Amino acid sequence: MEPFAPVRRSKDGQPIRYLVVDDSVFARKNLARIIETFGGQLAGEAGDGMTAITEYERTTPDIVLMDITMPQMEGIEAAEKIVKQHPEARIVMVSSVGYQENIVAALQRGARHFVQKPVKPEVLYEVIKYVLGEDGTVAQAAGAGA
Amino acid sequence: MTQFSDDRGAELKELFFESAQELLQALNDEALKLEKHPGDVETVRTIRRIVHTLKGDAATCGFRELSNSAHELEDALALEKASSQATLAEVALAAADTFNAMVAAYRGKAKPPSSEPLRKLIRKLTETSDTPNKRSKKKVSKDSKIAAQTAWTEYEKLAAEGALGQGKRVYHVTTLIDPHCAMPIAARQLLLNALSSMGEIIATRPEPGARDAAKQVELLVASDKSADQVTVKCRIPSVISQVSVEALQSKAPKGKKAVPAPLSTEKDESSLPAAEPEAQVVSSSEDAAPATKAFSTTVPENILRVDAERIDSVLNLVGELIIGKSMLQQAFLEFTRRFPKEAMRARFSDAMAFQTRVLSDLQRSVMKIRMVPVEQLFRRFPRMVRDVAKQCGKEVELVLSGQDTDLDKSLLDAIAEPLTHLVRNAVSHGIENPDERGRQGKPAHGTVRLTAYHHGNQVVVEVSDDGRGIDAQKVKAKALEKGLVTPEEAGRLNEADVLELVLRPGFSTADEITEIAGRGVGLDVVQTVLNRLKGSVDIETRPGQGTTFRLKLPLTLAIIKALLFRVEQRLYAVPLNGVAEIARAHESDLHQVDGYEVLQLRDQVLPLVRLGRPPEERADSTPGKIFVLVIALGERKLGMIVEALEGEEELVIKALDDQTVATDLVSGASILGDGRVVLIVNLAAIIDRHGRSRSRGTGKVSSGLLLQHADRTAITSNPETGVQP
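Protein chains in written order, with the working numbering: chain S, 1 to 146; chain Y, 1001 to 1725.
Chain Y extracted, bound-state conformation (with noise of 0.2 Å):
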């Protein structure tokens, strides 16, 4: 195998391990969720994505065994249905705790420990009999022995030397916890609490305040009480399932191995021959970076690590110091109507406009603290890249453009685990064979781009092959024999309606099952993740010449530049980006084509889009003037019908959770200087609206889109509550 440059695999490998720590937290917390929601179809979906992610993302940097077991996880949640729904929970956070201890062994440059045990549990799950055999079975083998594994650092031997000059003894206490004991953090601060009853603890491991969630404590204990007295006080009850004590002596040999030597005398296990492998998690060894501690402090001076959230809460306060001075602004403009010949107002107006400078530029500083180029995400998949086509047998060439293009750090991390799924699929799936594509007279290598750009206030990422293309009627009787579209579905479905069916869970066109990709799990996480970042995905495809998948993000999640505007006397804003010009038209301008309303617009048609009803369903209505919003969203154009406009403001968007508003047509709510809650109109929506209206024959169901969503939140009618009724 030809390798990368060490710096290189170990970049990845940092990469890898970093991603892996997120995973991790991700599958505990899932994890948990499920044990509270037994069975809930959700979650497991996701936990089978964590995992999978985990697997393929393992395979790539060369963890065998991590990604092995993982498989294992994913087939075994696969089959969930036939099996007990009850115990995945337990399953999954001891394989979060199983992986975690391997990827801290990877780290730290150790052997893993082995995954016999959770693939037991694994197994179980898939037999559900013969339950309580195992289980007792299971737990006799639990309850063998323990060994020591830590080597202790320069500095606490010193310690430990230190309280054995002052006449103290110094014990080695390596602790299991109970394996019925859920909570090992809070089992960990129990057994801090008994043993410093007993004196000083000069070293845990893992290290005070650590979140990982290893079964084998250890601790180097200074004491005067005797190796008996310190065991009786660690058998916790309910927490601590085994405890060993070993008194060190003093002159230690300088050995690599450990810290002053053991006096075996006082051991409390009966012996102690090799170490049990479940009870293992490696700690780190002296030259290795340490493993149980998640972050390496050696970062450059000038780099500050900041906690991201600490970002969001002062990006947070910007946005109601907006909020701020456009209320300042408000009873400015209050002011100067009643007092319009006061001197004062140009002093105000000074200190305003001074002000919104400021603003401005805060808001701008803080928006770029959060911003990072892509590079930092595209670094890693020339390697994936390499490694995936070499298992496929592939000859794949990645190459990357628009690196350096800025995008929020939240998005950033978002759209990681998409675009690896999406690059993956393209090696695997979308680039054909050597032969085949000598075959077709094309080059023998492929060619997978990955660019990033900025197009209006969005930041678009596509992934382009030069592969076979997506077959429109494989995809369709895959997802007819899958049961995902019904055959009169089928029938309906245009082109684009097809290729979308790739992005549903559970679809998957590859015939063979590899160890990278092509499980149906995968392309789903990039509609899902692309939903809740308010983007979109477009698939763009010709058969035998290549597929790209364009992911548009927002630029920011938080404050943008917006237009205000009415329909039927409720106030709206739009992102004032997206609002290519705005036109003034009378109703009768306006004509009828194929069932839809057009504007001819200088020399061009546009196709309209009315948010309120038809005057002629209105009883309040003085039909006459309106506005068209002419909105922009990549190549497609579309006219809005409003009835009047507010004006323009920056607007803090607030998120709105699914409970609040049950449409995908508002994207959030803004609150204005004056107090009032404006929604704000998610263009991609409506224009994805009216292309499928158009498709399905229908056009009147471009009317009165927004308002019946509007009525049903009541939000701008109560903008107090803002729930629904």
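Isolated chain S (complex conformation) (with noise of 0.2 Å):
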């Protein structure tokens, strides 16, 4: 896969900032290996909903992505609560097609956007630059699809 143009923050120029949070250590590797094609940084991980919220709390991050099915607090409850003392927090659910329900819910509370699992580098790209809106620009004028 040809690597993308790397997506910056408008207003500083920096890399965006992710947290990723998943119980599994797998999907968690895996999505920042992503975010680096992407020109991201690892601000934090979490495996829980818990600690996705104090991870936030600490990190204050560009974007989240927050798993659904996860040990002691659930990714919607937790992207509820993070949306709720941060409205300005842009999650991104990800998740499998069995969980539909749970990210229809996760849409209503404040979640962002959605994809699915197995996550797909493209689909993911364009998912960040849309979520990013103004916020975001990709640093090269390549690209700039839809």
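It is worth saying that the hints were derived from the structure and are not from the lab.
Be a bit skeptical, because a hint or two may be false.
With a cut-off of at most 30 Å between alpha-carbon atoms, the simulated DSBU-like pairs for lysine-lysine come out as follows [stated by the list, open to error]:
1. S:Lys117 / Y:Lys1120
2. Y:Lys1476 / Y:Lys1637
3. Y:Lys1036 / S:Lys117
4. Y:Lys1013 / Y:Lys1109
5. S:Lys11 / S:Lys120
6. S:Lys120 / Y:Lys1109
7. S:Lys29 / Y:Lys1033
8. S:Lys120 / Y:Lys1124
9. Y:Lys1561 / Y:Lys1368
Keep in mind that this is a model prediction, so the values were computed, not measured.
Two chains, each in its own frame: build the complex with the hints.
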């Protein structure tokens, strides 16, 4: 796969900072790798909803990639709590098809977008650009698609 | 074609829509299951069966397009071994979507969407090669155009006019959900989120909260943004593949077609000729019933439609209350023993008697809520029989009786599918052609009887025909040919066993395949469902005179009166209705006949089953007095040897899953007032086991029957965990 044109923060040109939340270490590593190809930076990781909230407070990332099913606190609840405290939080739910209901619930509670597992980098890339909107800029004038 | 009266036909179709909804839901579920476990044979078979039922039902209602595509899918599924399993789930999901759209269209009396895309997918399944090419080609065609199809309601139009009046712009947004997005409902939600930041959403199709998987979503949005801005906002990556935004003008012509006429200048799509069939999801037109909304809201006022789950939860609570009642009773007994002179006893006992009475009334009332007459199910058959008969060129009369027999709703729903197959089978295979009947001196028109009645604590539903009967030899030959049995096995089978082969998956004696029945799927559903319901199927056939399938179902699945007894110190229960009498006996009264233990009870010889080990095999035994429970199930009588009786109690059955108990001899478990766990013995299975061991000529099998399994499950010895080691 060809590398993606890096996405930067519009306000300071810094890399986009991500918080990756998933109870599977493998899934987290995989997402971290994908994020790297976008020129992003891993701000923090969490394996459950509780940690996700504290990690969000600590790192204030630009984007949260959030799994649905996790121990302790599920993704929906974590997303809801984060959005309540930080309405500007950009949370992208990451889940397999079977959890459509939960995704709908998460979207109703303030999640910004969702991607299906297994995550396809090119899909996530488009989603990230969309979710960032004007706060993100693609470094070169490449693939400015939808 | 002599049609049934209109409202009769309408009622039938309504039934079809309801059952189709369920089937499609099941199809979705199974497809998802398959996605998780690709290649699971059982799931594929279930999917095939669902599609098969849908095909038959649709054909009965004359929905050709749907029945044809279901037919194709069914065929493809039969060949599945040869094709790639991985894509199957996807195709099944696509099929569910397409079928759903079709059903919605039929319901809205609109033209069904084309099934061509689905057929392409199905063909791809069967071809397996050249997949990539076709795929990309298909994608191109999908990317072509979309067209607005929704006609908004008067109310929505009014709201749109109102917004226009306030100087806002109103857009008719038509979007197509990305074909790769498997979560259309989530996609819709995301679209709603995106658009609600643009302005006010006046209306959406499908409606918010709808569960259907329509790929095309249409919205009416009032906003002060430009059409371009709205379009950009709707272009949600990975979710929405196409967007078309039309601004609406005020001064809507009162035409019947749609709302305010489109102001074509701001159209996002380059050109929009005929709509691409793939994208079509027919929505309701104003005069038709709402198509996308699954349920009509016009139900007579004094009837409530309640989710069955809610009633179940009430029933469950009643069950818990009954356990609570027996806890109280236990405590009271203890209390009485300790303080026999205490004056409060009488007051306690009065209160408890009162509570018991109210509780049993409560239980009865709740159960009654769940009961519905089988009429509800039977009434779909006359039309079906007529159509099937017509298709096969036969003359068949359907005679219904016992329609007012009440049955638990969940049971009724569960037997709908098996019954449909049995009736179809009776007509298409059972009844002969008129000429053939004439030659045999039978009346030209055959008769199929559908009967329901109560028998003991069971409900019996019979499907009988006066047709040719089942030829046991032919069945055996066919089973051999299909590899369902080995030649050695075939030699040992008695007639009843042979007949049961008919219920095996993959069995069909019909020489030709018809649209309605006869592809080997179908009758196995009968067995599967009845097993699940803890019921049984009897087949009775007389060559030349007809066949009767007898489905026996428990009256209810929830609460029974039971007799508690002990075998080798362990506690078991049997449903009291199954016990005809209790006899005392002595070990020395038992006799051996043909390797069987029997008991002479008055002037009858009663075959016996020994649930525990015989006394000579046991160290702890004190040979001597025993009890024999005479159990009667239908025509069959059997004595069960037990060691001690514990009494009678109302049990709330807790279902055991297959992992917990590896035998069909136990049908459930319950908790007694003092917290002990008791296993409920499945009488039908015991009688069945006994009959089979007899046919094999090995009498010994009937002793120690229960114990082996009980040992394995170790439930009674370890009631806390109740799982096998």
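* Pair hint outcome, Lys1561 of chain Y versus Lys1368 of chain Y [Cα-Cα no greater than 30 Å] -> Roughly 17 Å separates the two Cα atoms, so the pair holds.
* Asked: Between Lys117 of chain S and Lys1120 of chain Y, does the CA-CA distance stay at or below 30 Å?
  -> 26 Å, holds
* Taking only the CA atoms, is the gap from Lys120 of chain S to Lys1109 of chain Y under or equal to 30 Å? -> Violated: Lys120 of chain S and Lys1109 of chain Y sit about 41 Å apart, past 30 Å.
* Sort out whether Lys1109 of chain Y lies within 30 Å of Lys1013 of chain Y, counting only the CA atoms. => 11 Å, holds
* Restraint status (C-alpha distance of Lys1476 of chain Y to Lys1637 of chain Y at most 30 Å) -> 29 Å, holds
* To do: Quickly compare the C-alpha distance for Lys11 of chain S and Lys120 of chain S to 30 Å and report which way the hint goes.
  => 28 Å, holds
* Asked: Do the alpha carbons of Lys1036 of chain Y and Lys117 of chain S lie within 30 Å of each other, as the hint requires?
  -> At roughly 12 Å apart (the allowed maximum being 30 Å), Lys117 of chain S and Lys1036 of chain Y satisfy the hint.
* To do: For the pair supplied as a hint, Lys120 of chain S and Lys1124 of chain Y, confirm whether the alpha-carbon distance does not exceed 30 Å.
  => 24 Å, holds
* Holds or violated: Lys29 of chain S with Lys1033 of chain Y, Cα cutoff 30 Å? -> 27 Å, holds
In terms of the numbered hints stated before, the structure departs from hint 6 and from no other.
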